[in-house]
Amino acid sequence: GRCFHLKSVTAGRILRFSSDIPEIFVNFVLSIFKLRMKSDIEIARSIELVKIKQIARDYDIPVEEISNYGRYIAKVSESLIDEEKVKRSNLILVTAITPTKAGIGKTTVSIGLALGLNKIGKKAICALREPSLGPCFGMKGGAAGGGYAQVLPMEKINLHFTGDFHAITSAHNMIAALLDNYMYQNQDNGFALKEVLWNRVLDVNDRGLRYIVTGLGGKTNGITRESSFDITPASEIMAILCLATDEADLRRRIENILLGFTIEGKPFTVKDLGVAGAITVLLKDALSPNLVQTTEHTAAFVHGGPFANIAHGCNSVLATRLAMTFGDYVITEAGFGADLGAEKFYDIKCRKAGLQPKLTVLVATAQGLKMHGGVSVDAIKEPNMEGLKEGLKNLDKHIENLQSFGQTVVVAFNRYANDTDEELDYVRQHCAEKGIGFAINNAFMEGGEGAVELANLVVDTIEKQPSKPLTFAYDEEDSVEEKVRKVALNLYGAKQVLFGPAARKKLKMIEELGYTHFPICIAKTQYSFSTDPKLYGVASGFNFTVRDIVINAGAEMLVMVAGEIMRMPGLPKEPQALHIDIVNGEIEGLS
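Going by the numbering used here, the first residue of the sequence shown is number 48, and it counts up by one from there.
Just so you know, the hints here were simulated from the structure itself, not pulled from any lab data. Every residue, glycine too, gets a C-beta built ideally from N, C-alpha and C.
Listed next, with one range per pair, are the computed distances between beta-carbon atoms:
#1 G610 <-> E131: 41 to 51 Å
#2 K481 <-> E510: 15 to 25 Å
#3 K98 <-> V424: 40 to 50 Å
#4 E447 <-> Y231: 49 to 59 Å
#5 L545 <-> K481: 30 to 40 Å
#6 K436 <-> A464: 20 to 30 Å
I would like the entire structure built from these sequences, with the hints used as guidance.
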């Protein structure tokens with residue numbers, strides 16, 4: 048018998064064994080150990096939290112400028128942003144290859160990298176997005192990281208948190224209600240909108256609300272018209288909150304929201320409605336970023352919305368700048384694969400906020416690579432070197448795309464228990480041949496200790512080969528059609544871009560309104576470079592069809608709705624809500 052050493056607490060290096068032990072036996076022992084591992088929520092509850100004012104003191108954040116939401120969460124005043132300190136800070140983007148339905152682990156890697164940087168003596172802060180209740184109760188459960196790389200308190204962050212999403216939902220729907228009331232009260236005066244562009248939102252996956260009719264049941268119930276619901280992260284109010292630079296800019300953007308067109312064809316905005324002040328009041332507290340802590344008491348700002356498939360999918364500019372004011376290294380993330388989140392991070396957020404990331408970390412997993420290499424989803428956890436090798440084409444395409452923005456790229460391999468050394472070594476060698484830095488991330492199992500290799504790689508790369516100034520995918524002066532073509536053809540691999548009838552109508556409208564200089568935000572499937580969610584790997588030669596355009600005049604961007612993507616997701620056959628409960632006073636199922 049061989050002697051195996053099991054580490055307690057963290058389980059990163061589970062076995063110390065000689066190379067001649069059969070892999071099947073190793074996998075058996077790993078499976079036994081996995082059964083005994085704590086869930087994310089159990090790990091979160093096992094951490095003794097530090098009061099949030101102490102976290103603030105540790106990072107020299109003036110405690111008199113924070114507003115406590117209980118003992119462990121606080122709002123931090125955006126007035127503390129120091130532009131000189133922002134310029135000196137090292138901003139790092141974490142993005143990923145095209146994900147599986149279970150994700151790739153960007154948030155876990157982002158948090159783990161911050162832990163690893165602090166382990167090696169650097170002052171690092173995370174700047175992350177807030178979870179949406181939709182996927183928390185729908186497809187994937189919680190979204191506050193995983194294992195020993197989480198932001199805490201995870202239950203509150205995953206649920207109502209500081210009420211930011213509720214404020215955004217209320218503000219958006221308040222505009223809808225006030226608009227409907229304005230049309231109802233002024234209809235006898237000859238006022239009417241020939242086209243209403245403003246719908247409603249809800250932070251729940253509910254396919255039954257995608258297309259609705261309002262005002263049924265008699266004249267006193269308002270004007271009967273068609274409408275719809277999007278999920279709250281897709282709200283223009285969410286984008287405005289994330290892109291606003293201060294309260295005055297928030298109000299300016301709210302005033303500019305385009306609600307529809309009058310009978311005479313004139314644009315009708317929130318400023319015309321006269322309620323921008325009221326909506327700003329609803330968002331006043333939500334504008335300030337939220338300060339929390341990680342499993343190792345690293346500071347983290349969690350603020351702004353997810354969903355880079357249907358929105359821009361980045362955390363707020365204010366949270367990023369606050370983190371850069373108080374951290375020498377700031378790790379932020381952008382949703383889904385680099386074709387979505389990273390492109391929007393550069394072309395929308397960085398362009399408008401003047402941010403210059405020093406490095407981009409591209410997260411990959413063996414399972415994701417094998418899926419893109421043609422291995423069936425139900426078999427991607429099994430060893431398959433041929434599938435892994437073929438899937439590297441997806442990794443390479445993302446690297447090529449990121450480098451086209453002037454970014455220096457390193458690959459973080461997010462390790463799972465069933466990954467083999469052969470798989471890891473092959474990807475490492477592949478990256479070495481391409482001149483790309485590579486590190487294995489074990490933060491899920493080991494916390495900061497498991498991300499030291501990645502942290503050292505990041506610091507060394509920034510010191511020796513930082514990213515060049517950003518080169519954007521398109522110019523502001525390009526036509527809207529040209530902007531879409533440049534992204535679709537150069538980054539996605541499309542053959543041509545087509546615009547459906549609704550999209551062409553909006554293109555003419557955008558031209559007349561003078562909005563052509565706005566950046567574009569492409570809404571498409573997250574599972575492929577194309578608009579076909581089942582076209583894995585590196586798609587090429589396909590037609591890219593924009594079926595509609597959503598004009599976000601307040602957020603100052605144009606949302607290109609491509610393919611069959613829905614801005615209100617549906618629930619799966621077995622939603623995560625079936626597993627969420629309170630047991631003996633403790634919340635279960637958010638992992």
